[in-house]
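Numbering of the sequence shown is given in the working numbering, commencing with residue 31 and proceeding in unit increments.
Calculated from the structure, these hints are not laboratory results. What you are looking at is a predicted structure, and each value in this text was computed from that prediction instead of being measured. Please note that the accuracy of each hint is not assured.
Derived CB-CB ranges, DEER-like [stated by the list, open to error]:
1. Y32 with L113: 37 to 43 Å
2. Y32 with H140: 26 to 32 Å
3. H140 with T97: 41 to 47 Å
4. V120 with R55: 39 to 45 Å
5. P67 with M31: 49 to 55 Å
6. P167 with A98: 19 to 25 Å
7. S141 with P167: 34 to 40 Å
8. G136 with K36: 41 to 47 Å
9. L113 with R63: 26 to 32 Å
10. T86 with R63: 38 to 44 Å
With a straight-line Cα cutoff of 25 Å, these simulated DSS-like cross-link-like pairs (lysine-lysine) come out [as the list claims (entries may be wrong)]:
11. K72 with K62
12. K112 with K166
13. K112 with K36
14. K166 with K36
15. K62 with K78
Glycine residues also receive a C-beta, built at the ideal position from the N, C-alpha and C atoms.
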Amino acid sequence: MYFWLKVIHITALSIWFTGLFFLPRVFIAKIKRQAGPDELEKLNAMGKTLYFHLMTPAAVATVLAGTALIAYGFQGAWFPVKLTLVAMLVMTHIYFGQLLLDLTRGRTRHSIWLFRALSWWPLVLLLSIATLTGAKPHSLLVDRLPNPLQSLGGESLSSSSSPIESSPLNSSP
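Make a model of the complete structure from these sequences and hints.
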């Protein structure tokens with residue numbers, strides 16, 4: 031089951047990101063072209079089909095399969111960071127839907143340069159998520175932080191065990 035959940039998750043993620051990469055280019059084409067109503071209608075239909083029939087179902091499948099994979103467990107601080115990036119990705123998806131709706135109605139709130147910048151944002155999120163998922167660091171920079179129970183000279187401030195070590199939660203049976 032784990033294998034098939036991973037397959038579904040990665041396949042749906044690939045479809046979702048393909049749409050996230052392509053949809054801003056449809057926005058740019060709509061803004062750049064001072065074409066007739068036929069061409070604008072084709073771009074509107076292309077954007078709606080991409081968003082509602084491909085991207086959104088793939089996004090839902092990605093999130094559902096990813097949620098099911100959480101049941102198999104995770105370790106480390108990388109996972110909450112990944113979930114934060116996924117939340118940013120979902121917000122980007124929703125924002126692209128709002129932009130699609132505005133452009134379909136003939137309203138343009140942004141310049142072409144913002145749409146070009148937005149076309150790169152999903153790549154930043156993809157690379158960040160892929161790096162975290164591939165590396166799976168058990169701690170994010172925690173191992174590099176100095177021990178707060180040691181002085182600058184490297185001597186321990188406490189001759190006995192630390193309060194964390196003597197906690198009832200950390201005692202072994």
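Comparing the hints with the structure gives:
1. Y32 with L113: 37 to 43 Å: 19 Å, violated
2. Y32 with H140: 26 to 32 Å: 42 Å, violated
3. H140 with T97: 41 to 47 Å: 33 Å, violated
4. V120 with R55: 39 to 45 Å: 21 Å, violated
5. P67 with M31: 49 to 55 Å: For P67 and M31 the Cβ distance comes to about 50 Å; the hint holds.
6. P167 with A98: 19 to 25 Å: 23 Å, holds
7. S141 with P167: 34 to 40 Å: Holds - the Cβ-Cβ distance for S141 and P167, about 39 Å, lies within 34 to 40 Å.
8. G136 with K36: 41 to 47 Å: At roughly 43 Å between Cβ atoms, K36 and G136 fall inside 41 to 47 Å, so the hint holds.
9. L113 with R63: 26 to 32 Å: Hint violated: Cβ distance 39 Å, outside 26 to 32 Å.
10. T86 with R63: 38 to 44 Å: Because 25 Å falls outside the window, the suggested range is violated.
11. K72 with K62: The hint holds at about 15 Å.
12. K112 with K166: Satisfied, since the Cα-Cα distance of roughly 10 Å is no more than 25 Å.
13. K112 with K36: 16 Å, holds
14. K166 with K36: 16 Å, holds
15. K62 with K78: Status holds; Cα separation ~18 Å.
The earlier numbered hints that this structure contradicts are 1, 2, 3, 4, 9, 10.
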